[in-house]
Amino acid sequence: MVNMTIGQLARESGVSTETLRYYETLKLVEPVGRTSSGYRLYDSSSAARVAFIKRSKSLGFQLSEIQSLLELHKSDDSTAQHMLDLTEIKIDKAQKDINDLISMKKTLEDLVTECPGGDLSLKDCPIFNHFYFNKDSMKGKNS
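Residue numbers for the sequence shown follow my numbering, beginning at 85 and rising by one.
The set of hints was computed from the structure by calculation and includes no laboratory data.
Careful, some of the hints might be misleading.
[Claimed, not checked] Within a straight-line C-alpha distance of at most 20 Å, the following computed DMTMM-like cross-link-like pairs (lysine to aspartate or glutamate) qualify: (1) K219 / D184; (2) K180 / E149; (3) K180 / D169; (4) K141 / E108; (5) K141 / E155; (6) K138 / E102; (7) K111 / E172; (8) K141 / E172; (9) K141 / D169; (10) K138 / E96.
Work out the full structure: start from the sequences and follow the hints.
The structure is reproduced here in structure tokens:
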């Protein structure tokens, strides 16, 4: 494939030029050169890396984790076991997130059944009061 400008790579890969520049600051993608006008040039391996990043992100990997995956790929010592271990960690995290969401949904459903709605004053609303006064809902949660 012929070298592409950042705009061409953005169109081909389905990400914005701003995203590509951000990936460049993280060393996830690097231009292979520049035009005489100073425009960044990328090759097919850059497009493949962007596709890898997008697929990894779609499966819940953070950019810092993707950096680690790409570093593993460069290393001659890396094995499939490394990738398997990282993927199993991601599965465990996904299961925890699912459990948290199920719990959140159950709490919200319970609150909905407690609230009569209508013209009830907000100060008497069970949902509002749960958010405002329930100290247990703050345990282990980020603000």
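Exercise for the section: Quickly compare the C-alpha distance for K219 and D184 to 20 Å and report which way the hint goes. Expected result: holds, 18 Å
Practice task
With a cut-off of 20 Å on the C-alpha distance, tell me whether K138 and E102 pass.
Solution key: Between K138 and E102 the Cα gap is close to 15 Å, so the pair holds against 20 Å.
Handout entry: Straight-line alpha-carbon gap K141 to E172, limit 20 Å
Key = holds, 16 Å
Problem - 20 Å Cα cutoff - pair K138, E96 - result: holds, 13 Å
Handout entry: Hinted pair K141 and D169, Cα distance within 20 Å
Key = Judged against 20 Å, a Cα distance of about 17 Å means the pair holds.
Handout entry: Given hint E108 paired with K141 - CA-CA distance at most 20 Å
Key = Since the Cα atoms of K141 and E108 sit roughly 16 Å apart, the hinted pair holds (cutoff 20 Å).
Problem - Given pair status - D169, K180, alpha carbons within 20 Å - result: holds, 17 Å
Problem - Restraint check for K111 with E172, where alpha carbons must lie at most 20 Å apart - result: Between K111 and E172 the Cα gap is close to 25 Å, so the pair fails against 20 Å, i.e. violated.
Exercise for the section: With a cut-off of 20 Å on the C-alpha distance, tell me whether K180 and E149 pass. Expected result: holds, 18 Å
Handout entry: Distance restraint between K141 and E155, which requires alpha-carbon spacing of 20 Å or less
Key = Satisfied, since the Cα-Cα distance of roughly 16 Å is no more than 20 Å.
Hint compliance for this structure: hint 7 alone is broken.
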